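Asks: Fit chain B to the known structure of chain A by using the hints.
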Amino acid sequence: MNRSLVFVDGDNPETAADGAGAAEVLHGAGGQRIALTAAADISRFLESSFSPLFDGVIPVIGDPVYRYDPGRWGRSIAALQERNSFDAVILPSTWLGRMVAPSAAAELQVGLTAEVTGISRRADGRIEMVRPAYTGQMEVGVVSRGEGPLMMTVGEHVFRDSASRRSSGVPQVGDAVDPGPGEGALLRQEGAGNEEDIRKAEILVGVGGGASRSMEEAEGLAGDLRGMLAASRPVVDRGLAPRRIQIGLSGKTVQPTVYLALGISGSIQHMAGLRRVRHIIAVNKNRHAPICSLADIVVAGDSSTFISMMRDRIGHS
Amino acid sequence: MKIGCLVKIVPDVNGFQYDREKNVLIRKGVPLLINPGDTAALVQALELKQRYPGTVVEAVAMAPPQAEPHLEDLVRRGFDRSLMIADSLYAGSDTLATSRVLSAVIRLRGYNLLFAGSRSSDGGTAQVPAQVAAGVGWPFMAEVTRIRPEGSGAGMGRIEADVEANDAVMTFALKRPAVLSFAFNPKMKLPYIRQDELIREVSSQIVRLSNKDIGLAPEDAGAAGSGTQVASASAAAGGRDDTEVVGCDEAGIERVYQFLKDKGGRNS
Numbered sequence: 001m002n003r004s005l006v007f008v009d010g011d012n013p014e015t016a017a018d019g020a021g022a023a024e025v026l027h028g029a030g031g032q033r034i035a036l037t038a039a040a041d042i043s044r045f046l047e048s049s050f051s052p053l054f055d056g057v058i059p060v061i062g063d064p065v066y067r068y069d070p071g072r073w074g075r076s077i078a079a080l081q082e083r084n085s086f087d088a089v090i091l092p093s094t095w096l097g098r099m100v101a102p103s104a105a106a107e108l109q110v111g112l113t114a115e116v117t118g119i120s121r122r123a124d125g126r127i128e129m130v131r132p133a134y135t136g137q138m139e140v141g142v143v144s145r146g147e148g149p150l151m152m153t154v155g156e157h158v159f160r161d162s163a164s165r166r167s168s169g170v171p172q173v174g175d176a177v178d179p180g181p182g183e184g185a186l187l188r189q190e191g192a193g194n195e196e197d198i199r200k201a202e203i204l205v206g207v208g209g210g211a212s213r214s215m216e217e218a219e220g221l222a223g224d225l226r227g228m229l230a231a232s233r234p235v236v237d238r239g240l241a242p243r244r245i246q247i248g249l250s251g252k253t254v255q256p257t258v259y260l261a262l263g264i265s266g267s268i269q270h271m272a273g274l275r276r277v278r279h280i281i282a283v284n285k286n287r288h289a290p291i292c293s294l295a296d297i298v299v300a301g302d303s304s305t306f307i308s309m310m311r312d313r314i315g316h317s
Numbered sequence: 001m002k003i004g005c006l007v008k009i010v011p012d013v014n015g016f017q018y019d020r021e022k023n024v025l026i027r028k029g030v031p032l033l034i035n036p037g038d039t040a041a042l043v044q045a046l047e048l049k050q051r052y053p054g055t056v057v058e059a060v061a062m063a064p065p066q067a068e069p070h071l072e073d074l075v076r077r078g079f080d081r082s083l084m085i086a087d088s089l090y091a092g093s094d095t096l097a098t099s100r101v102l103s104a105v106i107r108l109r110g111y112n113l114l115f116a117g118s119r120s121s122d123g124g125t126a127q128v129p130a131q132v133a134a135g136v137g138w139p140f141m142a143e144v145t146r147i148r149p150e151g152s153g154a155g156m157g158r159i160e161a162d163v164e165a166n167d168a169v170m171t172f173a174l175k176r177p178a179v180l181s182f183a184f185n186p187k188m189k190l191p192y193i194r195q196d197e198l199i200r201e202v203s204s205q206i207v208r209l210s211n212k213d214i215g216l217a218p219e220d221a222g223a224a225g226s227g228t229q230v231a232s233a234s235a236a237a238g239g240r241d242d243t244e245v246v247g248c249d250e251a252g253i254e255r256v257y258q259f260l261k262d263k264g265g266r267n268s
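These protein sequences, in sequence, are chains A and B.
Under our numbering, the first residue of the first sequence is numbered 1, with each subsequent residue one higher.
Under our numbering, the first residue of the second sequence is numbered 1, with each subsequent residue one higher.
The shape of chain A in the complex, shown without the other chains:
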C-alpha cells in the first residue's frame, strides 16, 4: 500500500485538504494518508472538517516559539521517513510549506518539485508533476529521480476536491516526535489589523501592470461594486499594493463570484489563484492576453477608460 505524509501548516490548516487530494491523485483512494502537525494543533486538527481525509496524524512536540523553524520540521520529516518509508511527502505552497519542503528534501537528499498544479502518470509509469516557470510564462513537467519519497509542494485548491473520506472517519494519533530545540525562535508577532481578507470577497477588482496607474480609481470601482481590491504579483512587487491582496501561487487563491481583471495579462502563477472564480471579466488592450481565454467577457480597451465609464454607469443606476 502506498503511504503519504502530508504536512499541516498550522496557520493555514485547510491546505491539508490539498495535500490529501494530491495524495489521492497519486495513489488512489486506497493509499494511506498521514498528517504531520504541531502537537499544539492536534485538537484543532481532529475537530476540523478535513481530518476525516486522513488515516492518521503525527504530532511534533516542542516549544511553540519554534513552530516556524524549517530546520526543525525538516529533521522531523527526515526522522519519520527513516521510520516509515513514505512513498510521498506533500506540503502546501504556503510561506511555511515553502521553507519546510526544501529543508526536508535536503535532509533526505531527494528531489523536490515546488508549486505543483498538475499530476499525471507518464507512459513509462513515472509520475510527472506540472509547475509554472519563467515567472509563469510556461509550464514545465518534472519527474523525480533516484530513491526516496516523491516530494512536492502543492498550490492551494488545486487538489482540494480530490480526496475522499477515510472509512474510519477519525485519524489515529501516532507517537509524537520531538526533534529537540530549534534555532530560529519567534520573538513577537503583529497582526495585520482589521483589514478584510480578499479570500472572503464576492466581488474582486484585480489590478495588473496594465492598470497600475489607476489603483485609486480601481479601489473606487471596487467600493462601488461592494467588492474588494486585489492585485497581481508584479504590482505588489513594485510596491504599489500590499502583499495581503496579491492573487496567485505565492499570494492567495480567491473564490469570488465575479473577478474583474484590469490590465492583467494572466501568468500561470496568477491564474492558479483563480481556480475557484465563477466569472471573469477581463479588461485588456491585448485581446489575446492569456487571461482573456478564461474570461466570460473581454473588454478590449484601456483599463483607466473602462473604470471611469463603469463608475459613471453605476453612478447613474
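Among the hints, a few may not be true.
With beta-carbon atoms standing in for the labels, derived distance ranges [to be verified]: (1) P191(B) - D175(A): 20 to 30 Å; (2) R51(B) - G28(A): 37 to 47 Å; (3) P242(A) - S88(B): 41 to 51 Å; (4) K175(B) - S85(A): 24 to 34 Å; (5) T145(B) - D197(A): 41 to 51 Å; (6) P242(A) - E244(B): 26 to 36 Å; (7) S167(A) - V245(B): 31 to 41 Å; (8) D262(B) - R83(A): 54 to 64 Å; (9) E201(B) - P181(A): 46 to 56 Å; (10) A223(B) - M215(A): 51 to 61 Å; (11) E216(A) - R208(B): 46 to 56 Å; (12) T305(A) - A223(B): 26 to 36 Å; (13) L108(B) - G169(A): 24 to 34 Å; (14) D197(A) - M188(B): 39 to 49 Å.
Since the hints were derived computationally from the structure, they do not count as laboratory data.
Quick caveat: nothing in here was measured; it's all calculated off a predicted structure.
Positions of the beta carbon are idealized from the N, C-alpha and C atoms, including for glycine.
Replies: Just chain B, lined up with the frame of chain A:
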C-alpha cells in the same frame, strides 16, 4: 563580520518569445542579468558593510563564463570579492545538486551570515537557500524584509529578522551563522558604479572555482546528482471558446453592467 551573498545570473525572462508551433522557448539572444529577486539581499549586504567597518562581503554564484561581467560589476559596486563557480560536471543541476555545490563552497568561506533572494525569475522554485541552509547545518528564514544585527532579540550570537507572512509581521531571532533569504523589494536598488570604478581592473577580485576546488563526487553533481529532471515544457494551456468580446464603449460598458447585475455583483 563576513557575509556571503548567493546571486543567480538569469536570462531576462521578459525577452523570451514562445514558438507555439515548435513548442519551445526561444532563449537565443536574450541577455543575462542579475536575478531581480536577489537585489534586496545584495543591497542589505552592502548596507551592513557600510554600517560595520571591517565587514567583508562576497557574492557567490554558480555561473557560466558569460556571467563574469555581472560579477565584476558587483565588485565595482562594493563587494570585496565575487566567487564564480563553474564546471562542466555541474551541467543539468537541479536545486538539490546546485545546493550541494554551494554548501560545499559556503563551508570553506567562514561566513557569519549568508544572504539570498527568495525566488529566481527563471526556475522560481525558491528552494536553494533553504537547501543550502540544511546542507551547512545553519538556521534559515525566508521572505525576510528587515534585519537587525543589534535588535533586542539579537546578541548572544543571534540576529533579528522580520518576515511578512500570514498577513502579519513576525520577528524572529536566529542563531548565527544563519541563512536569510530576502523578500523582493522594488525600492532597493544596487548602488551606481562610480566613474573611477568603471575602468578599474577587478579580475583579481573574481575567485574562480571549479570542481577541482570543491571536490564533489561525479554521482553527486550535475544531472547525475539531481533529484528531479524537467521532462516537458509548454506554454499555458488554452481556455474556453465562448468568450464574449466587447469594446470599451457605451455598448460594452452596458453589457458588463448587465452581466454584473445578473450575477449579483453591482451596487444596487
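Asks: Please go over all the hints and tell whether each is borne out by the structure.
Replies: Now the hints, each set against the structure:
1. P191(B) - D175(A): 20 to 30 Å: This hint is violated: roughly 54 Å between Cβ atoms.
2. R51(B) - G28(A): 37 to 47 Å: violated, 57 Å
3. P242(A) - S88(B): 41 to 51 Å: Taking Cβ atoms as reference, P242(A) and S88(B) lie about 45 Å apart, which means the hint holds.
4. K175(B) - S85(A): 24 to 34 Å: This hint holds: roughly 32 Å between Cβ atoms.
5. T145(B) - D197(A): 41 to 51 Å: Violated, at about 20 Å.
6. P242(A) - E244(B): 26 to 36 Å: Because 33 Å falls inside the window, the suggested range holds.
7. S167(A) - V245(B): 31 to 41 Å: violated, 50 Å
8. D262(B) - R83(A): 54 to 64 Å: Because 57 Å falls inside the window, the suggested range holds.
9. E201(B) - P181(A): 46 to 56 Å: holds, 49 Å
10. A223(B) - M215(A): 51 to 61 Å: Given a distance of about 45 Å, which is not inside 51 to 61 Å, the answer is violated.
11. E216(A) - R208(B): 46 to 56 Å: holds, 51 Å
12. T305(A) - A223(B): 26 to 36 Å: violated, 51 Å
13. L108(B) - G169(A): 24 to 34 Å: Check failed, 54 Å falls outside 24 to 34 Å.
14. D197(A) - M188(B): 39 to 49 Å: Violated, at about 28 Å.
In the structure shown, a violation is registered for the earlier hints numbered 1, 2, 5, 7, 10, 12, 13, 14, in ascending order.
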